[in-house]
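Peer 1: End of the sequence shown sits at 292 in numbering that gives the first Met the number 0; the numbers just go up one at a time, nothing left out.
Don't read these hints as lab results, they were simulated from the structure. Watch out, some of these pointers could steer you wrong.
[To be verified] Here are the computed lysine to aspartate or glutamate pairs in the DMTMM-like style, where the Cα-Cα straight-line distance is at most 25 Å:
hint, residue 1, residue 2
1, K45, D246
2, K190, E104
3, K254, D87
4, K190, D178
5, K190, E109
6, K254, E93
[Said to hold, decoys possible] Across the chosen pairs, the derived CB separations fall in these ranges:
hint, residue 1, residue 2, range
7, E110, R27, 44 to 54 Å
8, N148, A18, 52 to 62 Å
9, K190, E109, 18 to 28 Å
10, N219, R113, 25 to 35 Å
11, K190, H105, 14 to 24 Å
12, D22, Q244, 22 to 32 Å
13, A199, R113, 41 to 51 Å
14, T291, E109, 20 to 30 Å
This structure is a prediction, so every number in the text was calculated from the model and none was measured. Each residue gets a CB set at the ideal place from its N, CA and C atoms; glycine is no exception.
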Amino acid sequence: MARAATLPKSAPVSAGAHAATLDMATFRDLAVLVDESCGIMMSDAKRVMLETRLRRRLAARGLDDFRAYVALLRTPEGRAAEFQAFTDCVVTNETSFFREPPHFEHLTPEELRRLAEGGRERSLRIWSAASSSGQEAYSLAMIADDASNGGQLFPWTVTATDISVRMLNAVREGVYHADAVRSVPARLRQKYLEPVGTGADQAMSVLPALRRNVRLGQINLMHAEYRLGQTMDIVFCRNVLIYFQPDAQLEVVGKLLRHLRPGGLLFLGHAKSIRSTRLPLRLIRSNIYERTE
0 MARAATLPKS APVSAGAHAA TLDMATFRDL AVLVDESCGI MMSDAKRVML
50 ETRLRRRLAA RGLDDFRAYV ALLRTPEGRA AEFQAFTDCV VTNETSFFRE
100 PPHFEHLTPE ELRRLAEGGR ERSLRIWSAA SSSGQEAYSL AMIADDASNG
150 GQLFPWTVTA TDISVRMLNA VREGVYHADA VRSVPARLRQ KYLEPVGTGA
200 DQAMSVLPAL RRNVRLGQIN LMHAEYRLGQ TMDIVFCRNV LIYFQPDAQL
250 EVVGKLLRHL RPGGLLFLGH AKSIRSTRLP LRLIRSNIYE RTE
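Required output: the full structure, derived from the provided sequences and hints.
Peer 2: See the structure below:
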């Protein structure tokens, strides 16, 4: 799995870039690039959002208009140099600790131990397949470590992957604003987080002992295959499929299942359910599926 690289600092916004406007025709050209590379559908209502997000990229590349930026992305050299930064700008990163509580209520210590018993080498392997800035991955890490008594009852790992290098850097850092961790149960917050900074700048950092069991990798869910390197007992892929075309949604789930063992669990977001007889899945509850074969 590829390691995330540190992005260069953004350049100041030039006068030309600041004045640039994204016309609808150019927006739709950019939307095609987003769909082709990320599978994400961008409606016309997203034009202003994309214009705002990409102005710094125009400045960084010394461009004064969005048409020149599209031309840059369509050259092999420009794509190689700029496409990751472009992707980081356009993807939506929305997450929180212990989001969608019914999913975490299902993953009781007893259920996690059961899944570990059926796993490879009696270990628990969890994949957060669209990890964003890491709150989901660290929520899973907390409950796995707690249920395993710090790894003494069974070894565990959480793999956090995302298309965005910027988000993977945030996972690696593992530092979150104090407001962001309020949804972490008090006992787990006290056990796995420590304060850093003071006053208005105070934040909470995930303890190094927990971060050591969280692996990072960059994966584009639209790629033909995912170089994950292991089979999982639990896969979370929540709140990302809603941005894909229906056919792409089924393709992504099919590829996820290549890395989920029979008897393992797939968790999807509350806004997306899978109704396909082609996939070896059995609905358990609340968009929690068991792989049947």
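Peer 1: Is the Cα-Cα distance between K190 and E104 25 Å or less?
Peer 2: holds (19 Å)
Peer 1: Does the structure keep K45 and D246 at a Cα separation of 25 Å or less?
Peer 2: Since the Cα atoms of K45 and D246 sit roughly 22 Å apart, the hinted pair holds (cutoff 25 Å).
Peer 1: Per the hint of 52 to 62 Å, is the separation of the Cβ atoms of N148 and A18 within bounds?
Peer 2: Holds - the Cβ-Cβ distance for N148 and A18, about 59 Å, lies within 52 to 62 Å.
Peer 1: Does the Cβ-Cβ separation between K190 and H105 fall within 14 to 24 Å?
Peer 2: holds (21 Å)
Peer 1: Is the hinted pair K190 and D178 satisfied, with a Cα-Cα distance of at most 25 Å?
Peer 2: holds (17 Å)
Peer 1: Taking the Cβ atom of D22 and the Cβ atom of Q244, is their distance within the range 22 to 32 Å?
Peer 2: About 25 Å separates the Cβ atoms of D22 and Q244, which means 22 to 32 Å holds.
Peer 1: What's the verdict on K254 and D87, does the C-alpha distance respect the 25 Å limit or exceed it?
Peer 2: It holds: about 23 Å lies between the C-alpha atoms, which stays within 25 Å.
Peer 1: Would the hint linking K254 and E93 be met if the CA-CA limit is 25 Å?
Peer 2: holds (23 Å)
Peer 1: Within 41 to 51 Å or not, the Cβ separation of A199 and R113?
Peer 2: For R113 against A199, whose Cβ atoms are near 44 Å apart, the range 41 to 51 Å holds.
Peer 1: Check the following: the C-beta atoms of K190 and E109 are separated by a distance inside 18 to 28 Å.
Peer 2: Roughly 19 Å apart at Cβ, these two residues keep to the hinted range, so it holds.
Peer 1: If you check the beta carbons of T291 and E109, does the distance land in 20 to 30 Å?
Peer 2: At roughly 22 Å between Cβ atoms, E109 and T291 fall inside 20 to 30 Å, so the hint holds.
Peer 1: Has the hinted range 44 to 54 Å been met by the Cβ atoms of E110 and R27?
Peer 2: holds (46 Å)
Violated hints: none; the structure is consistent with every hint.
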